[in-house]
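Kindly produce the complete structure, drawing on both the sequences and the hints.
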Amino acid sequence: MSDQMARAAQILSGAKEVALACHVNPDTDALGSMLGLSIVLRSRGAQTVCSFANEPFDVPRWAAVLPGTDALVPPSTFPKEPEIMVTCDAASLDRLGALGANAGRARELIWIDHHVSNEGLGTTPLIDPSASSTCEMVFRLVRAMGGDLPDDAALCLYAGLVTDTGRFQYASVRPETLRLAAELREHRFDHTHVAQALYEDNATTYLKLLGVALHRITLAEGADLAWTYLTQADLAGAGVHPTETDDLIDVVRTARETDVAAVMKQQRDGRFRVSLRSRGGHDVSKVASIFGGGGHRLASGYTSKHGLAGTVERLEAALRGEPVEP
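In this text, residue positions in the sequence shown follow this note's numbering: the first is 1165, and each later residue adds one.
It is worth saying that the hints were derived from the structure and are not from the lab. Bear in mind that the values here come from a model prediction, so they are computed numbers and not experimental data. For every residue, glycine included, the Cβ atom is placed at its ideal position computed from N, Cα and C. Hints should not be assumed to be uniformly reliable.
[Claimed, not checked] Cβ pair distances, simulated, as ranges:
1) GLY1444 - SER1177: 38 to 44 Å
2) LYS1450 - LYS1244: 34 to 40 Å
3) GLN1211 - GLN1396: 37 to 43 Å
[Claimed, not checked] Cut-off 30 Å, straight-line C-alpha distance, at most; resulting in silico cross-link-like pairs (DSSO-like, lysine-lysine):
4) LYS1450 - LYS1469
5) LYS1469 - LYS1372
6) LYS1244 - LYS1180
Right, dumping it as structure tokens:
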């Protein structure tokens, strides 16, 4: 056990109130790790609140499968100067959005993350780029704290572990990862229901929108890239929440003609959120970092203010190794 892990375990074991936050536009690893740890702390007598800085504060539909969502509060009611704050799955302060200011005022800031671009933020940074997920790291922390893991917390951690490993297909999966999954499955929860809620619960409106996005796929062979996009008009016209399209990138990345896949989704402010995936030939975290983003070698993202054409042009140039302005 590292000194930082031991310190975090000691702080949380004696905590009475803990504020937890994850990155904006949270995925299952972010919400699962945050809610899972919140459930553990509540089971030991602590009061917790959880949040992420999306405005408006929309909880993703798929999050209904996760226990502990009653701890979620909008960022406006999150403690301004928390005594103890824990961040989950945020590679940088910017990824906390408006809650970054709250983190800066926390007396104790435990930062749990597995992104390679994280430089070790907080008073107690728990950073491990070799970990499969932040949920794996939270599980290690709970072990260090001692005591039992509630079944509801196990469900949350299992959900994040499954999704962030691509259902155990990514290079981050080690024998230890599978042993951890098996240990979590020893707990009482319906893992089939969890999988169906996360992967097999699409509205027909989304399936039609998926067809639109797939019809738009463009190959930029000089950049070894397949890309597509969705606008705010597309999402509004279909009545689809942006988080319901998160698995679109996993369809695009199956294109055999290229190594890199990109999905560009327009945000409410007009900027494009770019999701990148690589089959292994490119380090997309380096590409994302050029534009102020980050992530992992094979899965990263960033936000662009340059419109669709400008975003595509800059991305292709970066993948070709050409100088590019962020």
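Numbers of the earlier hints that this structure fails to satisfy, in rising order: Violated hints: none; all satisfied.
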